[in-house]
Structures are given as structure tokens and as C-alpha cells.
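Using my numbering, the letters of the sequence shown correspond one by one to residues 3 to 401.
To be clear, the hints were calculated from the coordinates, so they are not data collected in a lab.
Fair warning: this is a prediction, and the values are worked out from it, not measured in the lab.
Just so you know, even glycine gets a beta-carbon here, dropped at the ideal spot from N, CA and C.
There's no promise every hint is true.
Here are the simulated DSS-like cross-link-like pairs (lysine-lysine), alpha carbons at most 30 Å apart as the crow flies [to be verified]:
#1 Lys-150 with Lys-54
#2 Lys-342 with Lys-150
#3 Lys-382 with Lys-342
#4 Lys-361 with Lys-54
#5 Lys-394 with Lys-114
#6 Lys-342 with Lys-194
#7 Lys-394 with Lys-361
#8 Lys-342 with Lys-394
#9 Lys-54 with Lys-194
#10 Lys-114 with Lys-194
#11 Lys-150 with Lys-194
#12 Lys-114 with Lys-54
#13 Lys-54 with Lys-382
#14 Lys-114 with Lys-342
#15 Lys-394 with Lys-382
Pair by pair, the computed Cβ-Cβ distance ranges are [what the hints assert, rightly or not]:
#16 Arg-145 with Gly-364: 23 to 33 Å
#17 Asp-349 with Asp-96: 18 to 28 Å
#18 His-9 with Asp-151: 31 to 41 Å
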Amino acid sequence: MSFTPLHGTRAPVRVWTDPYAIEEQALRQLRNIGALPWVQGVAVMPDVHFGKGATVGSVIAMRQAVSPAAVGVDIGCGMSAVRTSLTAADLPDDLAPLRGAIEAAIPVGFAKHDRMVDPRRVRGLEQGGWDRFWRGFDDLDRRVHQLKDRAQHQMGTLGGGNHFIEVCLEQGGADDGRVWLMLHSGSRNIGKELAERHMAVARRLPHNADLPDRDLAVFLAGTPEMDAYRRDLWWAQEYARRNRAVMLALLCDVVRGQLPQVRYDEPISCHHNYVAEETYDGVEVLVTRKGAIRAGVGDLGIIPGSMGTGSYIVRGRGNPDAYCSASHGAGRRMSRGQAKRTFTTEDLAAQTAGVECRKDPGVVDEIPGAYKDIVEVMAKQEDLVEVVAHLKQVVCVKG
Numbered sequence: 003m004s005f006t007p008l009h010g011t012r013a014p015v016r017v018w019t020d021p022y023a024i025e026e027q028a029l030r031q032l033r034n035i036g037a038l039p040w041v042q043g044v045a046v047m048p049d050v051h052f053g054k055g056a057t058v059g060s061v062i063a064m065r066q067a068v069s070p071a072a073v074g075v076d077i078g079c080g081m082s083a084v085r086t087s088l089t090a091a092d093l094p095d096d097l098a099p100l101r102g103a104i105e106a107a108i109p110v111g112f113a114k115h116d117r118m119v120d121p122r123r124v125r126g127l128e129q130g131g132w133d134r135f136w137r138g139f140d141d142l143d144r145r146v147h148q149l150k151d152r153a154q155h156q157m158g159t160l161g162g163g164n165h166f167i168e169v170c171l172e173q174g175g176a177d178d179g180r181v182w183l184m185l186h187s188g189s190r191n192i193g194k195e196l197a198e199r200h201m202a203v204a205r206r207l208p209h210n211a212d213l214p215d216r217d218l219a220v221f222l223a224g225t226p227e228m229d230a231y232r233r234d235l236w237w238a239q240e241y242a243r244r245n246r247a248v249m250l251a252l253l254c255d256v257v258r259g260q261l262p263q264v265r266y267d268e269p270i271s272c273h274h275n276y277v278a279e280e281t282y283d284g285v286e287v288l289v290t291r292k293g294a295i296r297a298g299v300g301d302l303g304i305i306p307g308s309m310g311t312g313s314y315i316v317r318g319r320g321n322p323d324a325y326c327s328a329s330h331g332a333g334r335r336m337s338r339g340q341a342k343r344t345f346t347t348e349d350l351a352a353q354t355a356g357v358e359c360r361k362d363p364g365v366v367d368e369i370p371g372a373y374k375d376i377v378e379v380m381a382k383q384e385d386l387v388e389v390v391a392h393l394k395q396v397v398c399v400k401g
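Construct the complete structure from the given sequences, taking the supplied hints into account.
Laid out in C-alpha cells, this is it:
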């Protein structure tokens with residue numbers, strides 16, 4: 003489908019789903035965003051849903067301004083995936099030991115590594131820039147300096163919530179049954195701490211006093227506050243990228259330990275909570291993608307469903323109306339609290355049948371039924387991406 007305009011906004015708001023299907027809270031957010039004087043335009047992805055300040059599944063192009071709430075608190079959150087040489091026939095019948103080995107190698111939830119990961123000791127991990135990267139921590143907002151040790155020990159850890167590690171099988175085509183490894187995570191606690199501190203600063207700035215939603219407060223170009231935010235933002239985005247790279251290398255090593263014949267293709271990695279400097283119609287803008295991936299011409303991306311439905315590897319079509327973007331996943335259709343009230347562990351077991359994963363009360367809020375239909379989401383963005391591969395998980399690790 004192509005987009006539908008959302009009427010009654012100052013800046014163009016283009017929607018890649020039925021506007022009448024969007025929850026009222028999210029529609030109100032989109033109208034508030036479209037009213038901001040700095041906004042050049044907004045692209046709304048088919049997985050859109052209510053979020054803090056800005057809607058999840060929104061792409062916002064601003065001139066000389068950026069809203070930290072339009073990035074989100076998990077700065078740089080995103081996906082990584084790699085195709086292996088293995089096929090389904092190479093996997094053991096019992097996948098529980100593989101899941102256990104992954105959980106032993108990569109801390110999940112609030113856990114962290116006992117010792118800081120030494121990149122030189124991780125096979126296949128990029129070696130460049132680590133000293134420079136960690137030196138950059140000392141330039142961050144002074145209020146997070148006491149968190150350096152925690153940030154170092156959380157490098158290469160998954161976290162909780164909707165973050166996951168999966169072993170997947172390709173569905174259909176010439177590579178039917180090919181094994182992929184995939185993971186979803188971001189900048190861990192340090193990204194959240196930085197984001198919340200800058201959001202609080204932005205709310206207090208005089209030019210944000212009359213906004214329809216104080217959570218949409220912005221920083222303006224050429225100000226010390228903007229400079230400080232962008233410094234911390236770029237570092238946190240790099241932390242998230244490196245965090246996924248460490249985990250993917252550890253994950254590959256786990257699989258290699260059990261199936262030594264494995265070989266790996268070049269990995270794919272993409273942020274879906276981040277800021278980028280881009281140009282459209284000759285206008286330089288700061289594009290915030292909160293729950294959206296870049297889908298420029300030829301860009302490879304990853305769009306996951308829920309823990310029981312599967313995911314897609316995609317190639318961008320470079321649609322400028324969407325600021326060269328696509329959805330970041332299926333998107334929630336109910337809150338975590340509502341999911342816990344609606345579903346049981348029996349429902350979870352039924353909806354994740356055939357997947358080696360947790361099926362206990364701690365992950366009921368991640369049940370597939372709490373998410374939108376990923377097949378429908380993909381059908382609504384055929385003008386944004388083309389499907390390269392459809393994957394179905396057989397192992398899913400949750401925090």
C-alpha cells in the first residue's frame with residue numbers, strides 16, 4: 003500500500019496503515035508531533051502504537067532540532083542477524099542444551115558479565131576502536147560517570163523486555179531450512195540513563211514551555227544543550243552497535259562449539275531507535291526513527307515478529323515519502339499489563355509450540371497474541387521494502 007495522509011496537521015504526516023485503526027492515544031501523539039514548528043514531516047509505520055512522548059513506529063524529520071523522546075530511552079536499540087552454512091538437518095532434535103549454552107554465554111535480564119569482555123578474546127569480533135570508544139565515556143554527562151563499571155560489564159548482555167536471541171530457519175525458496183542467528187538489544191542501562199537525563203533537561207528549556215506535550219521537548223541546533231545531547235547520543239548509539247556485535251560473536255562461538263562445521267556470512271545490523279543526519283528535497287534534517295529502521299535503496303534490514311511467529315530479512319526500496327524507512331517489527335497491540343491480564347501460561351505454551359523457549363509467567367507479556375500480525379504489517383509496507391528471507395524461530399532466549 004502507499005501512505006494515507008493524516009489531515010489537520012501543520013507538517014505532513016504520512017501513515018502506512020489505516021488511520022482509523024490507530025489507537026486514540028497514538029493519534030493524539032502524532033497530531034502533537036505534526037504541530038511542532040521544527041518538524042519537516044512525519045512517516046508513520048504500520049506497526050505504530052502509543053509510546054512515551056512520541057509514538058513507537060514513527061519517523062520524524064526535524065529542521066535544526068531534535069526531540070530526545072522521539073528517539074526513545076533505549077538509544078540505539080536494534081537488530082543483528084547472520085546466515086550460517088547450517089541447515090535444519092544439522093540441528094539436534096533436542097534444542098534445550100543449545101538454549102542453555104546460549105544463556106550461559108550471554109547474560110540476560112538484569113545480569114551482567116562477571117568480568118568486562120576482552121574483545122581480543124572473542125573470536126570473530128571487530129578489534130578496532132575499542133580503546134577510543136571507552137575513552138569517550140569520560141566525555142559523557144558527568145551525572146553518569148559513576149556508571150562506567152556497570153556499562154563495561156553490561157557490554158555483551160541482552161537485557162529483558164522484548165529483547166531476544168533466536169536460532170531461526172529460513173522458510174521457502176532455494177535456501178529453505180537454512181539456519182540464521184538473530185538478536186535484538188540496545189544500549190542497556192547506560193543508554194536509558196543518558197536519555198532520561200537529557201529529556202529532563204529539554205523539558206525545562208523556555209522554548210518548550212507551550213508545547214502540547216512536554217515530553218516532546220526539543221533541543222535546538224547551536225545550543226550547548228543540543229551539543230551535549232548529540233555527543234552522548236552518538237556514543238550511546240555506538241555502545242548499542244558494539245553490544246550487539248559482542249553478543250553475536252559470543253552466539254556464533256556457542257554454535258561453533260556444538261556444530262564445529264558451521265560457517266558464517268557477513269552479519270546484518272540495524273538500529274531502530276536512533277538519530278541520523280539526512281537530506282530530503284534539498285533540506286538537511288535530523289531524522290529520528292523510534293521503532294523504525296532505515297530502508298534506503300539496497301539497505302539490508304531486519305523486521306522481527308513476536309517470539310512465536312517469525313521474522314523477515316528485507317532490502318530497502320528507498321521511498322522518500324517515508325524518509326527511506328520501514329517498520330521495526332510487528333508492534334504491540336496491547337500493553338504488557340493487559341497481556342498479563344488476558345493470557346495464561348497455557349496460552350503462551352500453545353502460541354509458542356515448536357519453539358524452544360521460556361514458557362513461564364515471567365514472559366507472558368511477550369506472548370505472540372500481544373503483538374500485531376507481522377504478515378499484515380509486512381503487507382502494508384511493500385512500497386518500503388522487499389522481502390529477502392522469511393525466518394521462523396526454533397530457539398528463543400528471553401531475559
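These are the hints, each one checked on the structure:
no., hint, verdict
1, Lys-150 with Lys-54, "holds (27 Å)"
2, Lys-342 with Lys-150, "violated (35 Å)"
3, Lys-382 with Lys-342, "holds (28 Å)"
4, Lys-361 with Lys-54, "holds (29 Å)"
5, Lys-394 with Lys-114, "holds (28 Å)"
6, Lys-342 with Lys-194, "holds (25 Å)"
7, Lys-394 with Lys-361, "holds (18 Å)"
8, Lys-342 with Lys-394, "holds (25 Å)"
9, Lys-54 with Lys-194, "holds (13 Å)"
10, Lys-114 with Lys-194, "holds (16 Å)"
11, Lys-150 with Lys-194, "holds (14 Å)"
12, Lys-114 with Lys-54, "holds (27 Å)"
13, Lys-54 with Lys-382, "holds (24 Å)"
14, Lys-114 with Lys-342, "holds (27 Å)"
15, Lys-394 with Lys-382, "holds (20 Å)"
16, Arg-145 with Gly-364: 23 to 33 Å, "holds (32 Å)"
17, Asp-349 with Asp-96: 18 to 28 Å, "holds (24 Å)"
18, His-9 with Asp-151: 31 to 41 Å, "violated (52 Å)"
Figure legend: structure checked against the earlier numbered hints; hints not met, in rising order: 2 and 18.
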